[in-house]
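Engineer: The listed protein sequences correspond, in order, to chains A and B. Residue 1 is where the first sequence starts when you use our numbering, and the numbers rise one by one after that. Residue 1 is where the second sequence starts when you use our numbering, and the numbers rise one by one after that.
Just so you know, the hints here were simulated from the structure itself, not pulled from any lab data. Fair warning: this is a prediction, and the values are worked out from it, not measured in the lab. Positions of the beta carbon are idealized from the N, C-alpha and C atoms, including for glycine. Take these hints with a grain of salt, some might be off.
[Unchecked claim] Keeping only pairs whose Cα atoms sit at most 30 Å apart, straight-line, the calculated DSS-like set for lysine-lysine is:
(1) B:Lys41 / A:Lys68
(2) A:Lys27 / B:Lys9
(3) B:Lys19 / B:Lys9
(4) A:Lys60 / B:Lys19
(5) A:Lys38 / B:Lys38
(6) A:Lys27 / B:Lys40
(7) A:Lys99 / B:Lys38
(8) A:Lys38 / B:Lys9
[Said to hold, decoys possible] Computed footprint of chain A on chain B, listed as stretches where at least three residues anywhere in the stretch have a Cβ under 8 Å from a Cβ of chain A:
(9) 40 to 49
(10) 104 to 113
What follows is each chain in one-letter form.
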Amino acid sequence: SQELEQSPQSLIVQEGKNLTINCTSSKTLYGLYWYKQKYGEGLIFLMMLQKGGEEKSHEKITAKLDEKKQQSSLHITASQPSHAGIYLCGAALNFGNEKLTFGTGTRLTIIP
Amino acid sequence: DTEVTQTPKHLVMGMTNKKSLKCEQHMGHRAMYWYKQKAKKPPELMFVYSYEKLSINESVPSRFSPECPNSSLLNLHLHALQPEDSALYLCASSRVLAASNTGELFFGEGSRLTVL
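So that you can see chain B by itself, here it is in the shape it has in the complex (with noise of 0.2 Å):
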């Protein structure tokens, strides 16, 4: 199995909503990361898990929560979200934690987010 499953595949909320992405694989990685991208613009990176722990926060907004409960899931709740929040979000995950390792990153079909 060499997939990273994310779920919803499209999800429109308001701005006072309370809603969550996942992510799941069960490919043995300990590193998993949530990407934001904008129509026409690279990912950008949000956050990053290793060993079930956060690693990295790009000093994402705290209407964005991430949790990761276990080795294979990835959540990423959303609340209070602005329009401008509306985007394709794309889970990842790898082996190991470093880019510059041999360790690629396989991702997601991604979520695309809508907020009104």
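Bound-form chain A, shown alone (with noise of 0.2 Å):
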């Protein structure tokens, strides 16, 4: 099984309508990553959150840490066309570890 897990798979959202991406893990998350990736491109940094309860907010999207470090959310605001891709977040799973590992990732696509 997956040590993260997102949801949903995969979006289909108004132009203009808010949207929620959720990332969970069963284990404490050290340091969590919000990424996003054009089909077949390299991935762009959004966020990085690393307090329990933190949150963070860039243009039209919000990210949050939830107090027990286990759960976050991605969310986005009056959505655009520009914000279409694949969402992908990312943990070190133990402290210290310098492996970031992937969630199973959300294909978000936006319909005019």
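Could you use the hints to bring the two separately framed chains together as a complex?
Structural biologist: Written as structure tokens, this is what we have:
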């Protein structure tokens, strides 16, 4: 089983609507990263969260890490076609662990 | 310069060929990574280098041979690959090694490998 589960696996949203993507682990997350990937391309860093309860925003994207540091959400407000892509959460699953494990990914499609 | 550059972007090779993937960064990062990504799957870690020394090998078959000739360059030498090795190979770098540090990973665009 995957150590980092994302939901939903895919999402189709009408332009202008809000959406949320979740990333869940059974282990404590030491450093939680959100990346976006266009098909067949490299990963673009969005945000990084470290502390329980932490929340960060950039433009229309907000990411949160829960107090237990086992779940993170990514919220997009007023979605635009440019938001389409694959969203991946990544985390170090052990303190001081240099291995970044990625979640299963969420494919976001924005329809006009 | 905040880029990680990978070459070639596309590579087609036979099972008896020897080829190499190259990765370069000029951000002064001291940790570099190779990830493998199959279609519709998340990237999976293959190797990690820290200060030009191999730090992690995720039990990768010996037909993949990494090399870090200096702090800016990372190579992946390929020999006697199998068709199932066809994938997108992503290179990344970070300021320091630990993912739990504040250092984000910067990724290249990837090299798409097809093994015939």
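Engineer: Against each hint, give a clear statement of whether it holds in the structure.
Structural biologist: Do the hints match the structure? See the list:
no., hint, verdict
1, B:Lys41 / A:Lys68, "holds, 27 Å"
2, A:Lys27 / B:Lys9, "violated, 36 Å"
3, B:Lys19 / B:Lys9, "holds, 13 Å"
4, A:Lys60 / B:Lys19, "violated, 43 Å"
5, A:Lys38 / B:Lys38, "holds, 14 Å"
6, A:Lys27 / B:Lys40, "holds, 24 Å"
7, A:Lys99 / B:Lys38, "holds, 18 Å"
8, A:Lys38 / B:Lys9, "holds, 15 Å"
9, 40 to 49, "holds (count 7)"
10, 104 to 113, "holds (count 8)"
Checked against the numbered hints given earlier, the structure breaks hints 2 and 4 and satisfies all the rest.
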